[in-house]
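> Using full-length UniProt numbering, you'd call the opening residue of the sequence shown number 1 and step up by one each time.
Do not take every clue at face value.
To be verified - Cβ-Cβ distance ranges computed for the label pairs, FRET-style:
(1) Arg-139 <-> Ala-372: 47 to 57 Å
(2) Pro-143 <-> Thr-264: 54 to 64 Å
(3) Arg-139 <-> Gln-365: 30 to 40 Å
(4) Ala-346 <-> Gly-106: 16 to 26 Å
(5) Arg-330 <-> Gln-370: 41 to 51 Å
(6) Asp-58 <-> Asp-327: 34 to 44 Å
What the hints assert, rightly or not - 25 Å max Cα-Cα, derived DSS-like pairs, lysine-lysine:
(7) Lys-27 <-> Lys-145
(8) Lys-12 <-> Lys-153
(9) Lys-145 <-> Lys-110
(10) Lys-110 <-> Lys-131
Derived from the structure by calculation, the hints contain no laboratory data.
All C-beta atoms, glycine included, are put in the ideal place defined by N, C-alpha and C.
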Amino acid sequence: MKFVDEVSIRVKAGDGGNGCMSFRREKFIENGGPNGGDGGDGGSIYMVADENLNTLVDYRYTRHFDAERGSNGGSTDCTGRKGEELVLRVPVGTTVIDAGTQEVIGDLTKAGQRLLVAHGGWHGLGNTRFKSSTNRAPRQTTPGKPGEQRDLKLELKVLADVGLLGLPNAGKSTFIRSVSAAKPKVADYPFTTLVPNLGVVSVDRWKSFVVADIPGLIEGASHGAGLGIRFLKHLARTRLLLHLVDMAPLDDSSAPDAAEVIVTELFKFSPALADRDRWLVLNKCDQILEEEHEARKQEIIDRLEWTGPVYVISAIAKEGTDRLTHDIMRYLEDRADRLANDPAYAAELAELDQRIEDEARAQLQALDDQRALRRSGVKSVHDIGDDDWDEEDVDDEDGPEIIYVRD
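Turn these sequences into a full structure, and let the hints steer you where they fit.
Spelled out as structure tokens, the structure:
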């Protein structure tokens with residue numbers, strides 16, 4: 001199944017039915033009076049989080065969704081039938097955004113959660129509604145109100161406890177294969193991971209957590225290079241980030257330089273996301289001599305000026321992975337306890353989560369705007385170089401000033 005995490009759709013709620021103008025006409029009953037009924041309400045559109053879905057591919061090609069219109073009112077005080085509501089099912093973790101205002105309408109983070117995205121039109125009134133002691137034969141009716149129409153942007157962010165960061169071929173997919181039952185693609189060339197992968201790590205019989213692997217970042221990712229920038233938003237909901245660094249790169253590049261690239265791109269994408277708790281995991285320790293481990297480790301720590309937890313592992317040999325997963329489980333449990341018992345800590349994390357959401361959305365919107373300008377052939381101000389200026393269009397400040405006067 002194709003992984004789709006962003007779509008744009010248009011929803012149109014049903015219009016309300018019109019009111020009816022009718023008068024009672026029966027044998028032996030003169031001047032029966034008005035009996036026109038009201039119309040029915042238009043159907044509304046709801047979105048429901050479905051735990052059985054994991055992609056927005058259902059909305060990739062079908063982009064317009066219309067709810068049923070309410071029926072018109074009838075004679076003999078018959079009210080029109082209400083339009084049937086339309087329910088759109090989306091994966092858990094979907095954010096619904098108004099494309100016109102960029103307002104977040106709702107965030108579907110729990111299975112079964114229901115969100116109203118377009119309200120159905122109000123029904124029209126029949127002429128019975130207007131009868132009174134002074135207006136016994138009203139001929140007024142009202143039409144049904146149009147249903148709400150909206151252009152929506154759906155963004156899916158996978159729900160995971162731990163997120164993996166790293167350059168291509170840092171061993172992120174191998175790590176997930178080693179600690180969970182997930183089997184993402186692994187190969188000896190870059191960008192084998194093209195979409196996010198999730199793995200459930202079982203630490204004890206009743207204890208587990210979810211790890212998310214995203215495509216590797218490269219230098220310049222914050223400006224749209226590579227694939228990883230599109231999927232960094234999936235790490236916004238994680239509780240802990242693992243920064244995987246290849247201790248023995250095959251291309252003989254510098255491991256400290258590689259670690260620094262990820263930190264730089266992370267800060268450029270979202271400084272708030274960089275404030276998330278992050279652990280340094282040095283992978284592929286089996287590729288270098290054991291006596292070199294400490295020196296290589298200290299070199300990376302000095303370059304990053306790192307003060308947080310550091311782990312040295314070999315994902316393919318499952319060396320050091322058990323200790324790492326047990327420490328992650330312990331961290332998540334301690335974090336949950338502190339959230340439940342420390343309101344100040346909970347408020348601080350909520351504020352950080354909101355900052356991450358806002359910065360990630362602003363960054364992705366800026367990249368989308370740049371792509372739209374390039375497709376239209378228009379350059380943004382930041383993309384204009386010295387060669388783009390036409391010398392003929394530049395005013396000569398030293399020349400005479402010419403003023404045109406109409407006679």
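> Decide, hint by hint, whether the structure agrees.
Checked hints:
no. : hint                            : verdict
1   : Arg-139 <-> Ala-372: 47 to 57 Å : holds (52 Å)
2   : Pro-143 <-> Thr-264: 54 to 64 Å : holds (60 Å)
3   : Arg-139 <-> Gln-365: 30 to 40 Å : violated (52 Å)
4   : Ala-346 <-> Gly-106: 16 to 26 Å : holds (21 Å)
5   : Arg-330 <-> Gln-370: 41 to 51 Å : holds (43 Å)
6   : Asp-58 <-> Asp-327: 34 to 44 Å  : holds (39 Å)
7   : Lys-27 <-> Lys-145              : violated (36 Å)
8   : Lys-12 <-> Lys-153              : holds (14 Å)
9   : Lys-145 <-> Lys-110             : violated (33 Å)
10  : Lys-110 <-> Lys-131             : violated (49 Å)
Figure legend: structure checked against the earlier numbered hints; hints not met, in rising order: 3, 7, 9, 10.
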